[in-house]
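Use the sequences and the hints to build the structure in full.
Chains E and U are the protein sequences, given in the same order.
Sequential numbering of the first sequence, starting at 1, is according to our numbering.
Sequential numbering of the second sequence, starting at 237, is according to our numbering.
Misleading hints may appear alongside valid ones.
Example chain E residues on the side facing chain U (calculated, C-beta under 8 Å, incomplete) [as the list claims (entries may be wrong)]:
| # | residue |
| --- | --- |
| 1 | V38 |
| 2 | L91 |
| 3 | S128 |
| 4 | A129 |
| 5 | H148 |
| 6 | L174 |
| 7 | L207 |
| 8 | Q216 |
| 9 | L220 |
Some chain U residues flagged as far from chain E (calculated, every beta-carbon gap over 10 Å) [stated by the list, open to error]:
| # | residue |
| --- | --- |
| 10 | N251 |
| 11 | E262 |
| 12 | Q279 |
| 13 | A280 |
| 14 | H291 |
| 15 | G297 |
| 16 | R425 |
Under 8 Å between C-beta atoms, here's a sample of chain E residues computed to sit facing chain U [unchecked claim]:
| # | residue |
| --- | --- |
| 17 | D165 |
| 18 | G175 |
| 19 | T183 |
| 20 | R186 |
| 21 | V187 |
| 22 | E194 |
| 23 | A214 |
For the record, the hints were derived by calculation from the structure and aren't laboratory data.
Ideal placement from N, C-alpha and C gives every residue a C-beta, glycine not left out.
There are 2 protein chains.
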Amino acid sequence: MVRKPTSKETARKPNMREAILAAAEELFATNGFNAVSVRDIAQAAGANPGSVTYHFKTKDGLLLEIYRRHCGPMNLRRSELLAAARRVRDLQDRLEAIVRAYVVPAFTSGSDLTGGGARFTRLRAVMSAEGNEVARRIIAQTFDDTSHAFIDAVHESLPHIPRTDIVWRSHFLLGALYYSLVTPDRVSRLSRGEADGNDAASAIEQLVQATVAAFQAPALDQAAPARRRAVASSKT
Amino acid sequence: MVRKPTSKETARKPNMREAILAAAEELFATNGFNAVSVRDIAQAAGANPGSVTYHFKTKDGLLLEIYRRHCGPMNLRRSELLAAARRVRDLQDRLEAIVRAYVVPAFTSGSDLTGGGARFTRLRAVMSAEGNEVARRIIAQTFDDTSHAFIDAVHESLPHIPRTDIVWRSHFLLGALYYSLVTPDRVSRLSRGEADGNDAASAIEQLVQATVAAFQAPALDQAAPARRRAVASSKT
DNA sequence: ATGTGATTTGTACTATCGTACAAAAGATCA
DNA sequence: TGATCTTTTGTACGATAGTACAAATCACAT
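Written out as structure tokens, the structure is:
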């Protein structure tokens, strides 16, 4: 009595459910949530609109399932990399490893899930910009732990920087990360073809290098008031 | 015969056209383009849906007019500040002034237009994330000049950094800037109330400080290959 | 006061949205 | 093969979308 993995997991065509998820992920990440209709998704997946309702009940449920699929693996990968980074001796190298542990899983595949992590990260960026309610709830309760762990790790390797500054700078990191995935063509355009915004490896290296330097900047409370001298003022 | 500025410029109630523009700007910047209906905008402005059609013909036309209203003043202000920044002698101070010339107008009012520049910048961030076609066209032909001027100025004060790196880092700056305006509450939340993400002055100072440091990071081509030693690798 | 042009209102049209649901089709096992 | 469960299809419904347009209303010059 060999139990075949067939009866309940198999669909008629090779996993239509996964095809719908992948199509929805791509379309949401590119055009936003509201601009994409259930019919668009079904067509892109080669499915019937009713099939989307059958598998995910509602459009929100579909988005929810996309998040559920990715959050676990990506955060697991991040915490693994973060744990390894914490063990790096040299403080400078450790900081870089920590930043890399945060950035790399966002660009590359979190596991063998379809499409890789970049698409899901782009999706999160777009949902964040749209103020999507479903995404907001999931993010606050799923990603804040990871973010706190990341901030703590950075803080440990830069004890002289106030936590407030580190929060701001890690916020900037996430914004830069998101934007790099949302508008990669802008990099190619502004560099007049010298750089390829769609090259993940370049993006990662540039982002890590810039972010490490940003984290290492002098603390704001001390530096800013002392430094603001003959600099252009904020009015006229 | 004193020409009064009345007959053709004045509406029945104090400029309903402006009220619609302001309402649309706020709603688009908060919820994205597609999530907001013309009826939502009209209601928020205290106007009739048909009035929107009268003034702006289409929903796209309304968005177009919002961009037209802001792009000129904001880029003018940026180029003024940039010109002033270029005249700063000290290289370190000049770089900071250049970054400030880019950041400040995005946060504060570009002129006496309604609502200040922050709302419009948030709008641009959201449109960028949604891949809005109208916005994409305007941005490419309006903001690229400003961006190039900014990149050139930064490059002048950091001649030893390859232009490619500067493009990437200014791209990160814009992403961080956008994200700070899109999700300011995240800063407050992650800092556990110690920082206020909605405080524009703090955001500006933090962003300028972090960005200057990022620009001053060693060039990637030289530093990255030499430095990548015992750092956590990108796989497992 | 009255005519005139600019604006606002009210309403209606068509298209498309998310979703529900019954019927058809496929798969699995007695 | 036939019974049963899962999945897909096809269709329909109410809600809401963007937009058009005629009527009503207002501001102002004469």
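Now for the hints, and whether the structure bears them out:
no.	hint	in the structure
1	V38	14 Å, violated
2	L91	13 Å, violated
3	S128	6 Å, holds
4	A129	3 Å, holds
5	H148	7 Å, holds
6	L174	6 Å, holds
7	L207	7 Å, holds
8	Q216	7 Å, holds
9	L220	5 Å, holds
10	N251	26 Å, holds
11	E262	12 Å, holds
12	Q279	18 Å, holds
13	A280	16 Å, holds
14	H291	24 Å, holds
15	G297	18 Å, holds
16	R425	7 Å, violated
17	D165	7 Å, holds
18	G175	3 Å, holds
19	T183	6 Å, holds
20	R186	6 Å, holds
21	V187	5 Å, holds
22	E194	5 Å, holds
23	A214	4 Å, holds
In terms of the numbered hints stated before, the structure departs from hints 1, 2 and 16, listed from lowest to highest.
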